[in-house]
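Trainee: Build the full structure now, drawing on both the sequences and the hints.
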Amino acid sequence: MQNRRAIEIWVGVFVIAGMAALFMLAMKVSNIAAFTGDSGYIVTARFDNIGGLKVRSQVSMAGVRVGRVADIAFDSQTYEAVVTMRIDPQYDKLPKDTSARILTSGVLGENYVGLEAGAKNSYLKNGDEIKITQSALVLENLIGQFLVNQAQQNRGSSK
Amino acid sequence: MTALVQNLGHSVIGFVERTGRSLIFLMTALAGIPASLRKPYLITAQLYSVGVLSMQIIVISGLTVGMVLGLQMYNTLTDFGAEESLGPVVALSLVRELGPVLSALLFSGRAGSALTAEIGLMKATEQLSVMEMMAVDPIRRVIVPRLLAGVLSVPLLAAIFSAVGILGSYFIGVSLLGVDAGAFWSQMTAKVDFHADILNGFVKSLVFGVVATWIAVFEGYDSVPTTAGVSRATTRTVVHTAFAVLGLDFVLTALMFGEV
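In order, the protein sequence lines correspond to chains A and B. The numbering of the first sequence is the numbering used here, which starts it at 1 and goes up by one. The numbering of the second sequence is the numbering used here, which starts it at 1 and goes up by one.
Don't take every hint at face value.
Unchecked claim - Which stretches of chain A does chain B cover? Using the computed rule of at least three CB atoms under 8 angstroms from a CB of chain B, they are:
1. 39-48
2. 127-134
Unchecked claim - Below, a list of computed lysine-lysine pairs in the DSSO-like style, where the Cα atoms sit at most 27 angstroms apart:
3. A/K120 x A/K96
4. A/K54 x B/K39
5. A/K120 x A/K131
6. A/K131 x A/K96
7. B/K39 x A/K28
8. A/K120 x A/K93
Stated by the list, open to error - From chain B, some residues computed to sit far from chain A (all C-beta separations above 12 angstroms):
9. T125
10. S129
11. L177
12. H195
Keep in mind that the hints were calculated from the coordinates and are not lab data. Ideal placement from N, C-alpha and C gives every residue a C-beta, glycine not left out.
Mentor: As C-alpha cells, this is what we get:
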C-alpha cells in the first residue's frame, strides 16, 4: 500500500499545483482584485462622434480610473452617440457640471472618456446626464482642415 | 464514375456510423459516472498516470513557450517603445490561446496516446471480455475513471502551462531584458479580464479536455484488436485530437472573443 500512498500524494501535489496556477492567474494576472462588478452609478453623455471608444473603455478623471463605459447607443433622432458610463461608488462627489471629453491615451493608444470637474455644489446622481461634452478628435478631419488652411494660405501669398 | 460515388457514399456512411458509435459510447460512459465515483481510488490512479506524469512536459513546454514569447515580443515591441506591453501581450496570448491549445495537444501526445494503446491492448488481449465474463462492466471499471481523470487534468495542466509561461516571460523580460517589473504586472492586470479572459480560457481547456480524452478512450475501445489495429488507433488519437482541438479552438475563439 506504500505505492498507493505515493500515488495519492502525487495526485494531491498535482491538484494543488493546478489550483495554485489558477489562483495566480486570477489574482496576479487578471483584474479580479480591482473588480468592482455592477456596483456604482450610471451617468450618460451625448457625443457628436465617439471615435474608437468601446464598451469597457476607461472613464478617468485627472488620470485616475473612476469607472468604465457600460454601453454605447445611437440616438436616431439627434444623430448623436449616447455613451452610458458606470462610475465606481466611492467617486460620488462629481459636480453636476462635470464635462466629458473623448481623449486618446498616447499617440496611437485607445480612446477613453476623460471627465473634468465643474464648480457646482450639487453632485451627479444615478441616471444623470453630462451636458458639456467634446467629441473625439478624428485624424482625417484634422488633416482635412490642415490641407484647407494650407491651400488658403498659398492662395493668399500668391496674390 | 459510379465507383467514385460509391466510395464517397461508403466513407460518409462509415463516418456517420463511427460518430454515432462514439456518441453512444460517451453516453454509456456518462451514465456510468455515479457508479464509478464510488471507487475513487480508480480515478486517483488514473489522475496519477494521466495528470501527474504529464506535468513534466507541460511545465517545460510552458516555460520555453513563455520565454520565447517574451524574447520575440520584446524585439518587436521595443521598436514602438512599448516594452511595458510585454506583460499583457504574453499573458493574453497564453491564457486565451496557447495555454489551452498547446496543453491539449501535448496532453494527447503524452497521455491520450497512452490511454488508447492501453485500452486497445486490453481489448486485443481480451481482458475486456474477461471482465464482462466476471460481470464487471469494463466501461465503468476501465473507461469512466480514465475519462474523468482526463477531463479533470487538462484544465489544471492548461492553468499550470499559462502560469509557468508567464513566469518564464517575466524571467526573460524583467530579469534579462530590463523591462520594469512594476509595469509588467500592472499593465497585465489592467488588460487581462477575469471573466473575459481567464474564465473563457478555462472553459476552452475544459472543452478540449473532454474532446481529447473522449477521442483517446473511444479510439482504444473501438480499435481493431490486433497489433496493427492498436498502432493505427494510437496514431488516429493524436491526429484526430489535433484536428478537433484546432478546429474547436477557432469556433470557441469566434464565440468568446469575436466581439472584442
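Trainee: Run every hint past the structure and note whether it holds.
Mentor: Right, here's what the structure says about each hint:
no.: 1; hint: 39-48; verdict: violated (count 0)
no.: 2; hint: 127-134; verdict: violated (count 0)
no.: 3; hint: A/K120 x A/K96; verdict: holds (6 angstroms)
no.: 4; hint: A/K54 x B/K39; verdict: violated (51 angstroms)
no.: 5; hint: A/K120 x A/K131; verdict: holds (13 angstroms)
no.: 6; hint: A/K131 x A/K96; verdict: holds (9 angstroms)
no.: 7; hint: B/K39 x A/K28; verdict: violated (37 angstroms)
no.: 8; hint: A/K120 x A/K93; verdict: holds (11 angstroms)
no.: 9; hint: T125; verdict: holds (23 angstroms)
no.: 10; hint: S129; verdict: holds (27 angstroms)
no.: 11; hint: L177; verdict: holds (20 angstroms)
no.: 12; hint: H195; verdict: violated (9 angstroms)
The earlier numbered hints that this structure contradicts are 1, 2, 4, 7, 12.
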